[in-house]
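S.K.: Position chain B against the provided structure of chain A, taking the given hints into account.
Number of protein chains: 2
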Amino acid sequence: MREEIVEAAMAEFRAHGFNAAGVKDITDAAGAPKGSFYNHFESKEALAVVALERYGATRRLQDLADQRIEPLKRLRRHFEFLRDEIVGYGYTQGCLIGNFGNEIVDHSVAIRAGAQQGVDAWRAALAGALADAVQAGAVDPGLEPQTTALFILSAWQGAIIAARTERSSAPFDAFFTMIFGKLLAASQNDRSS
Amino acid sequence: MREEIVEAAMAEFRAHGFNAAGVKDITDAAGAPKGSFYNHFESKEALAVVALERYGATRRLQDLADQRIEPLKRLRRHFEFLRDEIVGYGYTQGCLIGNFGNEIVDHSVAIRAGAQQGVDAWRAALAGALADAVQAGAVDPGLEPQTTALFILSAWQGAIIAARTERSSAPFDAFFTMIFGKLLAASQNDRSS
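Just so you know, the protein sequences line up as chains A and B, in that order.
Under numbering that gives the first Met the number 0, the first sequence has 10 at position 11, and the numbering climbs by one with no breaks.
Under numbering that gives the first Met the number 0, the second sequence has 66 at position 67, and the numbering climbs by one with no breaks.
Everything labelled a hint here was simulated from the structure, so no lab data went into it.
Among these hints, one or two may not hold up.
If chains are identical, the list can't say which one is meant, so a pair holds when it fits in one copy or spans any two.
[What the hints assert, rightly or not] Listed next, the in silico DSSO-like pairs over lysine-lysine satisfying Cα-Cα at most 30 Å (straight line):
| id | residue 1 | residue 2 |
| --- | --- | --- |
| 1 | Lys33 | Lys43 |
| 2 | Lys23 | Lys33 |
| 3 | Lys72 | Lys181 |
| 4 | Lys23 | Lys43 |
The following block holds chain A by itself, in its conformation from the complex (with noise of 0.2 Å):
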């Protein structure tokens, strides 16, 4: 039972954010007694770490670093999971990294660390991938690996937020676009002048 609360409440908060998303809410998704919840967790807050901690380990990111790939390759092949995803869902639920970061920020340490340590492990599986690209040669070898993948990181967050606002995949094809065609795409531009 403890099982289907996480799965429920990882769904919930990337559908409603962690303060609209109510224990009521998240045992009733897991089909289990309201009562029962204080059996398998302290409270929400305890609740939001675990799915957190969840949430990041469904993000693939062992395949970002997967050597058999080309660098660009993985990259695109992570975002365009993350997005078919969203859109699988009609936009209904967001990144939980991202709900998180945006609207608990002032509120628990706990979230807040649990968030950032998401970020941190996201963000470095990024730069790997970006520090193969560099060396192989792939991307203007100007791109510092780290500063990249943070900004990688927040425009995609920013991108999840606009295509949920307009329930539409524009954000997302202008990340593809912009990110994939230009920024990442440097070097090309570069040999054939």
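M.R.: Below, chain B alone, put in the same frame as chain A:
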């Protein structure tokens, strides 16, 4: 008193989001008795729509069309203004449009429409400055102004989330490096080659 309530609501919504900012928090911050709220507004939602309009009017969008200033300088100053405001508040305040877009996109038609209207006006102002930059030959002529504006605004919203999560200007620094140092600097690379 209505005026004080709108101003207080803007700050509370920017700091805590729609769900977490209660009517009592807002009237307390405004120095108004809670009971007076409904003399001025039908609901917290109605107040949110007014706050969104007011917030949009404070974004200095008109400066993005100031033909006396180089288009790239206009764009840079715009985001410097927005950054300095958030840093000045110690990362306690986010962007009202971004907060609402992220948090309550699934909940309220009126607020969703208000957030969308805010985004549309902002995006159009950015696209106008970008079109000026293309025309002036200051940027890669392959940058389509609408798509680029959509991307830059999303990237900015994401940078705010990241900056607030880690209470650091590093995500803003990455935004300026990547947008003004790379994406909007492409034609300079072309010229030098």
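S.K.: Against each hint, give a clear statement of whether it holds in the structure.
M.R.: The hints, checked one at a time:
no. : hint           : in the structure
1   : Lys33 / Lys43  : both (12 Å within a copy, 29 Å between copies)
2   : Lys23 / Lys33  : both (6 Å within a copy, 28 Å between copies)
3   : Lys72 / Lys181 : both (15 Å within a copy, 21 Å between copies)
4   : Lys23 / Lys43  : both (10 Å within a copy, 23 Å between copies)
Comparing the model with each earlier hint shows no violations; every hint is respected.
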